Amino acid sequence: MHKRLWLSVVAVAIGAALLVAAGFASPANSSISGAKSSFAGAKTGGTLRLNMSSSDVDYIDPALAYYQLSWDILYIACRPLLNYPDKPSPAGSRLFPDGAAAFPKVSNGGKLYTFKIRSGMKFSNGVPITAKSYKAAFDRDANPKMESPAVPFFSDIVGATDAQGNPKTPVSGVKAKGLTLSVRLTKAGPDILSRMAMLFFCPVPAPGQKGAPSVTSQGVNTFPGSGPYYVAARTPGGPILIKRNKFYKGPRPHNASAISVVSVNTNVDTSFTQVQRGEINYDMGGLPPTAHAGLAKKYGINKQRYFVHPVIATRYLGLNNQRLFRNTKLRKAVNYALDRKGMINLRGAYAGHPTDQLLPSNLRGYKNAGIFPFRPNFTQAKKLAGSGSRSAVMYTTTSPIGVNQGTLVQADLKQIGIDVSVSKFGTGTMYKKCGTKSEAFDICNVGWIADYPDPFDFMNVLLSGESIHDSNNNNYSYFNNAKYNRQMDAAARLFGPKRFSTYGSLDTTIMKNAAPIAAWDNDNDREFISGKTGCYTNQPVYGLADLALLCLK
Amino acid sequence: MALLDVKDLKTYFRTDDGIVKAVDGVSFSVEKGQTLGIVGESGSGKSVTCLTIMGLNPKKNTISSGEARFKDEDLLHMSPRRLRQIRGNDIAMIFQDPMTSLNPVHKIGDQLAEAVLLHQDVTKKQAKTQALELLKAVGIPRAERRLGDYPHQFSGGMRQRVMIAMALVNDPDVLIADEPTTALDVTTQAQILTLMNNLQKDFDSAIIIITHDLGVVAETADDVVVMYAAEVVEQGSVDSIFRRPHMPYTWGLLGSLPRLDTDLERLVQIKGQPPSLLNPPQGCRFHPRCPYVMDICKKEDPPLKPVTDDPAHLAACHLDEETKDREAQKLIEGTLAAAS
Amino acid sequence: MPTSERDREVLGAQAGLASAVAVETGSELGEIEQVRARGYWEQVWRRFRRDKVAIGGGIFIVLLFLIAFAGAPLAKDWLGHGPNDVYPGTALDPQTQLPVGPWAHFRSGPGGLPCVSGIPCKSQLFILGADSQLGRDEFLRLLYGAQTSLEVAIGATVLSMFLGVLLGAIAGYFGGVIDALISRLTEIVMAFPILLFIVALASTVGPRLNDFTLGIFGKGVLTLVFVIGLFAWYYPARIIRAQILSLREKEFVEAARMVGASDWRIIRSHLLPHLVAPIIVYSSLIIAQNVLLEAGLSFLGIGIPLPTASWGNLLSSAPDYYLTQPWLMLWPGFAVLLATLAFNLLGDGLRDAFDPRGAH
Amino acid sequence: MIRYLIRRLLWAVVLFVAITIITYIIFFMIPTDPARKACGQLVTPACVKSARHYLGLDRPVYIQYYKFLERLVVHQSLGRSFANRQNINSIIGRAAPITASLVFGGAVTWLLLAIPIGILSALRPRTLLDRSAMVFVLVGISAHPVWIGLIFSWFFGYKLGITPIAGYCEAFSPPQGAACGGVVQWFYHMILPWITFAILFAALYVRMIRANVMETLNEDYVRTARAKGAPESRVMFKHVLRNAMLPVVTMLGMDIALGLGGAVFTESVYSLHGLGQTLVQSLSGDDLPTTQGIVVFGTLAIIVFNLIVDLLYAFIDPRIRLT
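Protein chains in written order, with the working numbering: chain A, 12 to 564; chain B, 27 to 366; chain C, 18 to 377; chain D, 1235 to 1557.
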C-alpha cells in the first residue's frame, strides 16, 4: 500500500465529538518498554542500508512532509507531544505522552489544552527541548512563507489564521512558558490530541537557537532531531542519512546506529535483487508484485523474512455522485460488476482481502453485511444498469498496478454498458485532481489509510457532504445526502461501544442503500527484509517497518 | 627503346552486369621530349589507359593485361612498392578536374611538399622551398603567400597550375595530363597549354596528353592516338593524321573542331551515342554511327594496319582508299578554310 | 570513367535519420535524368527484383498487414476470446497468482471468471500465455498490436511526408523569401529537442485528442499520428527541397516554363514524378522509425491509451515480470524488431533500385 | 570566419527566442489553470490568487512571456517546481550530469564502435567482416533501444550478475550516504546504459562512415595522392579519413541533440534520474514548470552544442573557416 497510497490525514474535523474519550479510551495504560527492543538476540549498532524503490520522500522538512514514507522516517526523528509506541498492532496505534510528560489538562469547555513538557530533553545538536520548541513548530507551519499543508490541521487554534483563512505567524493561541505549553482553540476540538501527534508538529529549535530550521517553502533537508534518530543529510532525489541522536534519553528503542536510505526512486527489481543478495537491508518502497507468492513459499509469512500485516485501510472507487453516478442504481450496478478479487490479484499474492464496505474489517465497529459479491454478478449488474451505453472517465495512477486496475474496471464496466476511458496521473496528482470539485471524472481509484483508528476517519471524512469544498476534498465520491450527513454527525458525537456499533450499522446502511463508492480491498502491508536483517516490527499507524527497531543480525 | 612502351594493353572491369572491356588492346610508345596526344570521346578508354599505366585503377574487380614498359620495366607487373617509387617521381599525372583533384583540407604548400617528401630525402623546409620554386615556375603570383592557402581559395586555372607544379616537382620523365584543360575556360586553356609546352622544353619530359579536343592535340602533340570504344582506331604523327585522316571517326572529331564560319556545310557529324562497353557492336565498333557503313563493317572488325603512304600511320577501317581520300580532302579543305 | 566501374558498395549506405539530412545538399537520390516513363519503372523493377533481401522485407510487410488486419480477427474467432478480454480469475497460475505461461489451457466462465456450477464454462487456449495479472491473451494482443503499430507508423509517415513534400516543394520551387522562411522554420524544428517535445506533447495535449478516432482508428492512434507527424516533416522537407532545387534548373523545367506552363502545373507534372522515388524510399524508412517511436512512447505510458493493445504497451508491462516471466519481454521486442527490419530492408532495396549509382 | 561566427551566434539567439515562445505557448497557454496546480495540496482561493500573480497570469500574454524571458535571461532561473517546490535550476543541475554522462559516454561508445568497424568494412567490402557489420547495422537500427536495454539488464544484470541491473553512481562528490560513488563505480553502472544507448547510433554511424570512406576513396584528390606515390597508409590517414570524418562531425552535433531526447528511453530502462526521467515524472505529476524547464534547458543545450560543433567544424574544415 505504501508507495502507491498518499497518506491522507484527516482534514479539519467539523463538529467532531470527543474523540479523546472515544479513540484513546485508556492511553495511559500503554506502558512503554525499556530502551531496548524486546527481540531476542537483537543487535544494536551498525548501519542499515535501505532503498526506497520507485519513490522518494516528498520532503524531509516536518512542516512540509506529507507522505507515508516521509512520516515513517520522521517518526524516528521526532518527539511530538503525543506519539504512537514502537509496537505492533494494536498497542502501536494507541497514543502515549512522549514529548509531554502526561496527557494534557483540558479546561475551558474543551477549548484549552495545557501540556507539561518533559524536562531534560535535548535535540540532536544539544539544544534543550522546551515548550518553546513545540511552539516553534506551530509558528513555522503557520508561516505563510512555508506554504505548509499542515495549516488545515490547526486552523482551529486561536490566531492560526487571519479573517480570510490565510495562515499567520506567530500563532497567538499557542503559548510557551518554560516547560508549559498551552493551546487555545476557537471551539472545542476533541480530536486535537491525534492531530498533535502528527509529525507536522515535530519540535524544532526556536528561531534564534542553534540549528533553527530556516523558513523556506522549499523545505530544509536536515534539522535537529528530537527522537531517537535525526536526519543528518538528505539530497532531494538522492540518499538520506539518518543517525543516532546521542542526546535522546527517552524510552523509545534505537537499534541501528545509523540508517542510510542509499537510493531513492530505484528500480523495484534492482532493489528486490539487492535485498535478496543482502546488499540492502530493506526496501521501504515495496516489492515487485510478482515476488510475493514465491517469498511466502520460501520464508513463510511473519516467520523469518517475509511479513504480511493488515493495515487499517480501504481501497475503493470513488464514484462521482455529481456526474454520471448521481444515479443510485448505476452505482449499485458498478458494485455488482466490480471484480474485487481480480482487483486484489493485480497486486500479487497476499495483497489484501476483498471487501464491499467502507469501514476496514479490522476496525472496531465493522459489521460484515455481505452486500455485494466479491466476484462480479453481471446479470444483477445489468439488471440495475438497464440498457443503453454510457461513457465514464476514470482517474488512476501511472504505476503499472494503477494502470491494470484501470483496465480491469474498464473491462468490468464494459459488461454493463459503461465505456470507461482511463486517465493516468502521478499518485499525488491524482489525489489532488480527484479532490478538486470541478474536475471532470466519474471514477477515482483511491485508497484511504487510517490516520487514527476510528470510524470517523473513514465515514465522516470520506462521505460527509458537509465537507465538500471547491478543492482539497477527501470526499472523492462527492456524496452529499442530508439524511446520512445528519446520521454521521450524530454518530461522531457518541462514546464507547455505542459509537462503534452505530458507525458499523451506518456503514452497512449507506453501502446497501446508497452505495456511494465501490469498495474492494482492505490492504495488507507486505514486507521483505534481507537475511542479514532482523527485529522487524510493523508500525500500524505508519503502515511500514519501524525503522527504530530494525536491526542488523 | 622508347621511354614508355605500351603493348596490347587491356583493362577489363568486372561489374554486376558483366565484364566491361574499358581498354581492349592498346599499343603506343612515347619518346623523351615528345608529346603524345590520345583523343576520343568520353568513355572511349583514354583515361583508363593512363590510369592503368599508373596502376591507379581500383584493384578489386579490375583485370589488366599486356605490357607498359617504362625504361624497360613493366609497370603492370611490378611490386606495389616499386610502382610507388615511380609514381609521382618518374611518371607524374595531371588530372582533368583541378577543382576536385586537390585535397580541400590541406594547404597547397603541404600538398606540394608532400610530393617532394615522398620521393626525395629532404627536410620539410627544403621541400617547401622546392614547392615554392615550382609554384613560381608555373606562374602563380605572390607564390610565397599562397603556399599557406587552401585549394578553395584558388581559381580553376590557378589550381591546374598547382597540379602541374605538383606533377613536375620531382622532375618526372613522363607527364600524363588527363584532359588538363577541359574544366577551364578558353583563355585559361591556352595559358595552361602554353605553360605545358614551355615546361616541356625546360624539363625535357615526355608528355601524354589526353583530350577529346583535336585542337589541343594540334597545338601540342607530336603523335596522336585516336581511341574509340576501348580500341585504337587510328594512330600516327600529328602531321600525318591531320593531313590525311583515314577513319570516319577521326573525320568526325576533326569535323567537330570549332569553326568561325557557320555557313560552310558540315561534312561529318558523329551521330548517336558511344556504344556500351558491356556489349560492343559486332564487327567495326564504330559501324552503328558510321555514315559510310558497309556490310563488311557489321561482321568484321577491321585490323589496325599501316596506311599506304606512311608506315607509322595506322588506321582501322574497311573503307576503300578512294573514298577515304575524297572525304578526308573535303574535310581538310573545310578546316583550312575555317582556319584562314 | 564509365559509371559502371564505380564501386557499387556505396549503395545501401546511409539510411539514418540524421545521416540523410547531412547529405541532403547533394543529389540525394541521384538526379534521375529524365523520367523515361515505362522504361524507367521497368528498370527499377528489374533491379529491385534482383534484391532478394529487399523482396523478403516486402513479403514480410505484406504478411504483417495480412496478419494484423485479417489474421488477428480470424485468430480471435478461432480462439473464442478477444485481445482485450480479461481473465483475472482464471488465466493466473493458482499457486503463484502469476499469469499463465505459453500454451496454457484453462476453463473459464463468462467475464473471465472462475467456473461456478450452473453457469456455462468454456475451455480457453492462450498460445503465448497471459500478458499480466489481468490475464489477457498475449498472442492476440501481439497480433492486434500490429494493427496499432502499423496505423500509427504509416499514419504519421503519411502526415509528415505530406507536410514535408508540400513545404519542401514550395521552398525549393519558389525560392527567395518563401524558401528562406520555410528553411528557417525547418531549422527551428530541427533545433528542438524533438523527442523531449514529443514526449511532453503526447502527455499534455495528447489525452485531449484521444477520443478523436474518425470512427476507424483505435483511441490514441491519431494523437500519435499528429504528434509524431507534426515534428517529423522537417526531414522529408529538406530532402524534397534539395531535389527540387536541382531539378528546377533542368532543361525540361525551363522548357515547360517557356511554353507558359503554370507553376502548379510544372510542380505537378514535371517535378512531382521525380519525387516519387525519394518519397517512396524515405516513407518506408520513416515508417521503420515510427514503429520504434510508437513503441517507445507507449512504453513510457504516453502512447496508445488503455486497453488497446500496442507493441509498446506490451513492452511496458513486461518488466513487471522481469523476475518470473522474462519471456514476456521477448515477444513484443521481436515483433518490433522484425517489422522495423522489414521496412528498413525494403527501403534500402528501393533506394538501390531507384538509384543504382547510390550517389550521395 | 568572424562573419560566420556572428551569423551562427545571431541565429542561435533567434532560435532560442523562437523556441522559448513555442514552448511557452504550449506549456503555459494551453493547459488549464496552472495557478491551481501551483498551489499543491493547499488550494485556497488566496493561494490561487497569489500563484496567479506570481506566475503573472493576470497580465497580458506578451508581458508574461517577457517576464518569463527576463527571469530566464537576467536571473538565469527556470522557476520553481509545482510538485516539490524545488528550484528547477537545481533539479536540472542534478539531472543534467546524469544525462550528460549517458549521452556523451554513449557518443564515445558509438564512435569507438563505429569508426573502426565502418572504416574496415569500407576497405574490405563484401568480406565476412563487412557482412557481419551490415547485419549489425540492420539489427542496430531495427531493434528498440528499450528492448535492448531490458534484455541486457535482465541477462547481464540479473541472470549473470556481472553488471548492475539499473541505477546510477555519482562520479564526483557523491552525496552523503549514497550507495556508491567514484569514477570506477560510475563507469561500472554506466556500461550497460552506454551500450544500449549507443547501439542505434553505432549502427547508423557504421553505415555512414563506411559510405563516407568509400566515397572519399573515389575522390579525385585521393587519386592525386596515389599518383604522387603516397603509400596506402598515408593515403588513408592523411587524405581519406580526415575528409571522410568531416560529415561525421556535423552529424555528431545533430545526433547528440537527438540523443538528448532518446536518452528518455535508456534512462527509463535503467532508472537513471536524468533529464528524461525527470521529464516523464514531471509530466505524470502535472509539474509544468519542470516540464518546461527541461524542454527549455534541452533546447539551450542543443543550441549551444550545435554552436560548438559549428565552430569545431569551421576549425577543421578550411572551406568554412576562410570564407
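Any given hint could be a false lead.
Said to hold, decoys possible - The calculated lysine-lysine pairs, modelled on DSS-like cross-linking and capped at a C-alpha distance of 30 Å, are: (1) B:K133 <-> B:K154; (2) C:K267 <-> A:K352; (3) A:K54 <-> A:K122; (4) A:K352 <-> A:K394; (5) B:K85 <-> C:K69; (6) B:K151 <-> D:K1472; (7) C:K139 <-> A:K425; (8) B:K325 <-> B:K33; (9) A:K314 <-> D:K1393; (10) A:K260 <-> A:K133; (11) A:K444 <-> A:K523; (12) B:K85 <-> D:K1301; (13) A:K444 <-> D:K1393.
Don't read these hints as lab results, they were simulated from the structure.
No experiment lies behind these values; they were computed from the predicted model shown.
Against the structure, the hints:
For the suggested pair K133 of chain B and K154 of chain B, the alpha carbons sit about 12 Å apart, so the restraint of at most 30 Å is met. For the hint pairing K267 of chain C with K352 of chain A, the CA-to-CA distance comes to about 73 Å; that exceeds 30 Å, so the pair is violated. Between K54 of chain A and K122 of chain A, the direct Cα distance comes to roughly 46 Å. Violation of the 30 Å bound is thereby established for this hinted pair. With a CA separation close to 22 Å, the supplied pair K352 of chain A and K394 of chain A stays within the 30 Å bound.
The hinted pair formed by K85 of chain B and K69 of chain C meets the criterion: a straight-line CA distance of about 28 Å does not exceed 30 Å. Distance hint between K151 of chain B and K1472 of chain D is fulfilled; the C-alpha atoms sit about 19 Å from each other, no more than 30 Å. With a CA separation close to 20 Å, the supplied pair K139 of chain C and K425 of chain A stays within the 30 Å bound. Under the criterion of a C-alpha separation no larger than 30 Å, the hint pairing K325 of chain B with K33 of chain B is consistent with the structure, at around 26 Å.
The hinted pair formed by K314 of chain A and K1393 of chain D meets the criterion: a straight-line CA distance of about 28 Å does not exceed 30 Å. Taking the CA atoms of K260 of chain A and K133 of chain A, the gap is about 8 Å. The hint holds against a cut of 30 Å. Straight-line distance between C-alpha atoms of K444 of chain A and K523 of chain A comes to about 28 Å, which keeps the hinted pair within the 30 Å bound. Taken as a hint, the K85 of chain B and K1301 of chain D pair is broken in the structure, with Cα atoms around 67 Å apart against an allowance of 30 Å.
Our distance criterion of 30 Å between C-alpha atoms is broken by K444 of chain A and K1393 of chain D, whose separation comes to about 41 Å.
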